[in-house]
Each structure stands twice: as structure tokens, then as C-alpha cells.
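Dock chain B against chain A, hints included.
Those protein sequence lines, which keep their order, are chains A and B. For the first sequence, this note's numbering gives the first residue as 1, with consecutive numbering after it. For the second sequence, this note's numbering gives the first residue as 1001, with consecutive numbering after it.
For the record, the hints were derived by calculation from the structure and aren't laboratory data. Everything hinted at is true.
From the derived model, a few chain A residues whose C-beta atoms are all more than 10 Å from chain B: (1) Arg31; (2) Gly54; (3) Ile78; (4) His84; (5) Ala126; (6) Arg136; (7) Leu139; (8) Leu140; (9) Asp143; (10) Asp244; (11) Pro247; (12) Leu281; (13) Ala287; (14) Ala311; (15) Gly353.
Now the in silico label distances, taken between C-beta atoms and shown as ranges: (16) B/Glu1331 x A/Pro69: 51 to 61 Å; (17) B/Gly1072 x A/Met181: 21 to 31 Å; (18) B/Ala1172 x A/Ala170: 27 to 37 Å; (19) B/Val1070 x A/Ala170: 21 to 31 Å; (20) A/Pro260 x B/His1043: 55 to 65 Å; (21) B/Gly1294 x A/Met181: 17 to 27 Å; (22) A/Pro69 x B/Thr1329: 44 to 54 Å; (23) A/Ala170 x B/Asp1013: 35 to 45 Å; (24) A/Asp352 x B/Trp1180: 31 to 41 Å; (25) A/Pro201 x B/Pro1201: 29 to 39 Å; (26) A/Gly72 x B/Ala1248: 43 to 53 Å.
Bear in mind the structure is a predicted one, so any value in this text is a computation, not a measurement. Glycine included, each C-beta is placed from N, C-alpha and C at the ideal position.
Protein chains: 2
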Amino acid sequence: MTDLLGLTAELVDIPSVSGEERVLADHLERRLRAVPGLEVVRHLDNVVARTRLGRPRRLIVAGHTDTVPVNGNGRARIEGDTLHGLGSSDMKAGVAVALALAEAVAEPAVDVTYVLYAGEEIEALANGLGHLFRDRPDLLAGDAAVVGEPTDGVVEAGCQGTLRLAVTMAGARAHTARPWMGVNAIHRLGELLRVVAAHEPRRPVLDGCEFREALQAVAVDGGVAGNVVPDEATVSLNHRFAPDRTPAEAEAALRDLLAPVLGEGDDVLLVDSAPGAPPGLDHPLLAALVERSGAPVRAKLGWTDVARFAAHGIPACNFGPGDPTLAHTREERVERTPIEAVYAGMAGLLTDGA
Amino acid sequence: MTDLLGLTAELVDIPSVSGEERVLADHLERRLRAVPGLEVVRHLDNVVARTRLGRPRRLIVAGHTDTVPVNGNGRARIEGDTLHGLGSSDMKAGVAVALALAEAVAEPAVDVTYVLYAGEEIEALANGLGHLFRDRPDLLAGDAAVVGEPTDGVVEAGCQGTLRLAVTMAGARAHTARPWMGVNAIHRLGELLRVVAAHEPRRPVLDGCEFREALQAVAVDGGVAGNVVPDEATVSLNHRFAPDRTPAEAEAALRDLLAPVLGEGDDVLLVDSAPGAPPGLDHPLLAALVERSGAPVRAKLGWTDVARFAAHGIPACNFGPGDPTLAHTREERVERTPIEAVYAGMAGLLTDGA
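Isolated chain A, as found in the complex (with noise of 0.2 Å):
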């Protein structure tokens, strides 16, 4: 069997930061067109590689390339069975994953295409599964989809959808000596967060997952001057909510929620909004996923790539190794066990099927 964390350490050693993939993606290329049998695509710094073996069933095995910024830890280390190193676990230790199922599992039960793709750490637009999607949706055709962020190697089902509203209260100036005279548009904020802040979010729970929402201030603006009662404050909003919800409905529950501390000239501003993704695991193929995994499943709060799986009909999950709370850190790393363990349970369903 491949050295698991010596090939995630190889890949942690070609840098790979967001809009630097190109030698990362040269490296996947290479070794995948060395596979016999996987037909090969590169699109710009993504790489997509398919098996053509007839199946009834087609999975797609994906993760992205790039990391965040180095952060004083752009040199693979491994001590023991621990690889410390920027994108070790967030999500170098899935490509290796990927890479050696690509390798090692020449006969699946499944037809089996893997993407390996950049610019998932910056601005959607730069994500290449999008270009992927927009460009050659047919590389992408598929039953399910497993992406490998980390998550501690449980299988997270669905994602929540995010969206963000930029509230802005009217007031009235005035002299802060006369304050009588004007309305606080700062004291009014405060009446928005305690609602905000009381809000208890709704828990649904879909296919056996809990999805807890979550809505919390994440920015406030306001003043005119030291002696002038402010007539304009603003507070930023950012609401997760749960996949059986649209981000229209998401939307139309919170404004429902503000509007008993709202009035006139003040305004509430949809700033941007992301759909979820259902857990999808009534497909086959994520139930005999998180079987395998030995787990039991989780709900995934953050939004992830799945969602756009899920938004071009494919139902999709994360499955990874590493601690997704030491992504982004300095102290980023992963362990030798959890990495092989993904590795068997991924081995074990495309070896299989569902």
C-alpha cells in the first residue's frame, strides 16, 4: 500500500497557494496520464480523470489543489506519524487520498472520475470547479460526489446555505446636548442585535443530520461626530440556514424576524446569499459511504463545494482526514491513521459499490 503521509508530504512540498497551482497541477497530470486506463482532461490548472468501464454508476472524487498563504509552515515535517505543513490537512492529505485510489484501484464497480481543481480558498469566482461547471459540465457527469475537506474522517452530509444582509437604521441628528431633538441611529442598532442575539436558530434535522443555524452580527458602522446624535448606523448580518430552506426562504424568515424593531427609512440590503445542499444520503452510493466510514454522520454547517455538486443535481458529501478546525492555522498538520482510514473506506466503496 502507498506511503499514505509520505505522498501527502511530497504534495505539501510543491507550493500550491491560491493562483499558484500551475506545478501542482503539472505533478497530478503527470502521474495521472501514467494510470492505464483513466482518460485524462486538463482545463486551465484543473485536472479531471475518468475511468471508462461501463458502470451503472459514476462517483466523483474531488478536492482542490490550493492553500491559503504560508504562514511560516511551507515545508512539509513529519514527526513520527504526524505531517505538520501548510494544506497538510486542509486538503493535501485528500488529494493523496485521491491520487492513490487513482492509482491503486484499477477495476472499480464503479466508473470513477476525479478532480483535482484550483482557486477553492479565494473568491468564487476563481473556483475551478465553477470553470469546470461553466466550461465542460460534461467532465463532471456523475451519480454523487464525495469532496475530500477535512472532517476528521466522518462523513459530513449537505452544507448549509449562507447569506448576508447589511442593515442600515435611520435616526436624526441632533446636538448631543439636545438629544431630545433627534433619534440615536446607533441606540436603535441596539434594540436589532438584542433580537439578533436572542434569536434562537431552528435545529431541522434532514436524512439524520442536525442542521444548526446560526445568525450573528459580523460588522457595525456608525457616527457622525463626537457631539452630533447620529442619524445612520449599520450592521452586517451573516445567516446559515439549513438546506431544506432556499435563500429566498432564509431571507424572507429574517427579515421577518427584524421587522418588529424596523421602521421607516431604514433599510435592509441583501449584500449576497449562497445556496445548501440536502444531505443527499438516500443515493446508494453516500449511504454505503458513511457505512463504511464507521460513523456516524454529521451534518456540515459550513458552506463547502458540495453545494455546488448539489446545485447541478448531484447529491455529494465531504469525507476527509484532519482536524477541519486546524485548517488555516499555523499549527496545520494531519495523522498517518486517519488518512489511511479514509483511504480504505474510499478503496472499500469503489472496489465494491453501492
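Same frame as chain A, but now just chain B:
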């Protein structure tokens, strides 16, 4: 009797935006030097003229010569008995009254010191009265002072103090998809704003004047990123407090008010403060002025230069023509009748004494 509206128009037509008072100071100095019996001293762009009659009491009559920036209203325009133009009310009408008194009341019952000073409308460090107290306190010796700021011809006694606090609330960062891992500093700010908005300020009555205190949030700021639970948020508070409290006492009371919603890691910083001034109506000269004004005395709620006199042990009040709410607006104007009424009140006080 002098045409006081015309004299005010003449002064309006000599531009004197803060920092550019020299030409107006030259003009006033020249006219005051022409008055027999007045000792005139020029210090920077401040002009002090005083009688030396050996009276048992000395009254200071003070006014600032500068204006806020031009706002399409730089030229005097008289329509009937109304003078329109920058500084007409704030406070060239008051300066005109002082100049006319100096020129007309040759044998006052009290010694009089006229103080026409620069730099009142901008930062405290530029204040000409401050420069005189610092460099020539001998010129400001006196028993009581009247500052001719616009008060609608009502004596406004004393003034409130002012202080600003910056309150920074701490939190702990987390991903907004898992906010229970952190503490939202902006949500905590909501509690603070609730306390501030719900606070019922004191309304102490001093010398018959009700001082209505105020507590207002004047700025708010916080946020890390659109998907991060923020670990810091700051609100700036402006507190106007009655002159029965020192700045330290007012600050302590404010800290007591906020204490229940503050915790470890939070920070309360005193940004600046200025003491108020008691009404000082037990002084016979000020009591006599209230009587001559023919109107009930009012507390001054804003901070004015009467506080500088009070800080040097000189009871002081505001008394001048013009609507203070028109000050600093494009619509600034003043009527003939109130200028003449204020002049009559002051002339009576100087002629008859207390």
C-alpha cells in the same frame, strides 16, 4: 443710538473664518483705540479693551470674532429688519453689541473689560480666550463675565460639562457557521447600547436652572470578516453632565452604569473631558442681568467658553441676540429687535451696575 443691525452687517462683511481673523481684529482694535478712556491690548488676533475707572467691580464682556466656513452666505444681506449672512447670529451681532457698548457707555458704574477673541469655532488649542488665560491672565481679571453667544436674548447660565468614553467589548473569534465556539463582541455591544438608551439622565436644578444631562452613543465600529464571529467592537459615548459634578465624578457615575454589562477583557477609555460651569447667579452682576433681560434664566446645556471663565473662578453666563439653532447653517440670520434688546439690557447693567 448706533444702527446695530448695520454695524453687525459691517462686521459680517469682514470675513473672519477661524484662522483668518486678522483683518477683523485689526478693524476692531482700530475702533476701540479711538475710544477715549479705554486701554487697548492686542495679543495675537485677540483684542482686549478695558476701562480703568477704579470701580469696585469689573465685568468682562466677551465674544469670539471667528466664524465657521463660508457656505454660500459670506456676504451680509439686509432685508427689512433682518440681516442674513455668515456669523450674523454666531456671533457678530454679539460683537457689535460689545463694540457699541464700548463706544457709547463712557462712564459705566462698573469697570468693563471687552474681550474680542479668535479661534472659538475650531479645536480647543486654537481658542483665543485660552491663549489669553495662558499668556495674559492679568487682562482677564474680573468679577463676572457675559459671553455674547446667541441665546435668543435669554440669559443662559453656566454650562454642562462633556466627556467621551470609548468602550471596547471583547469576544472570541469563531467561524459564523459555528458561532457557539466563540463570543460575538457586536452582540455584547447590543446589551451596552440597551443600557445607554434606557438610561434616564439626571435633571438637577441649580440656582433655579434645570440642567438636563444626556448620554449618547456617537460612534460604533466592529467586525473582522463576513464569515467571522467578531472578537472586538467599540462604541464611543458622549456624556453631557450638569455642573454639580466634576468630570471625574461624572466619569465614575458612567462607569458604574456600564459595569453590569462589562466583563473581563473589556476596556473603557476616557477620550477627553471638559468641566461644566455652575450658573453663578448668586453673583449680583449676573443676577441683575437676569432681571434686566426680562426673561426667565435657562441652563446652558452645551459646552461654551463660560466654562473657561468658571475654571478661573469667574462666574459667567451667555447672553446674546440670535437663534442658536440657526448657527452654522446656511440660513443664519439675526433680527434688529433682539440685538437692540440685548444692547439695552447690557447698557443698563453697565450704567447702573448691580
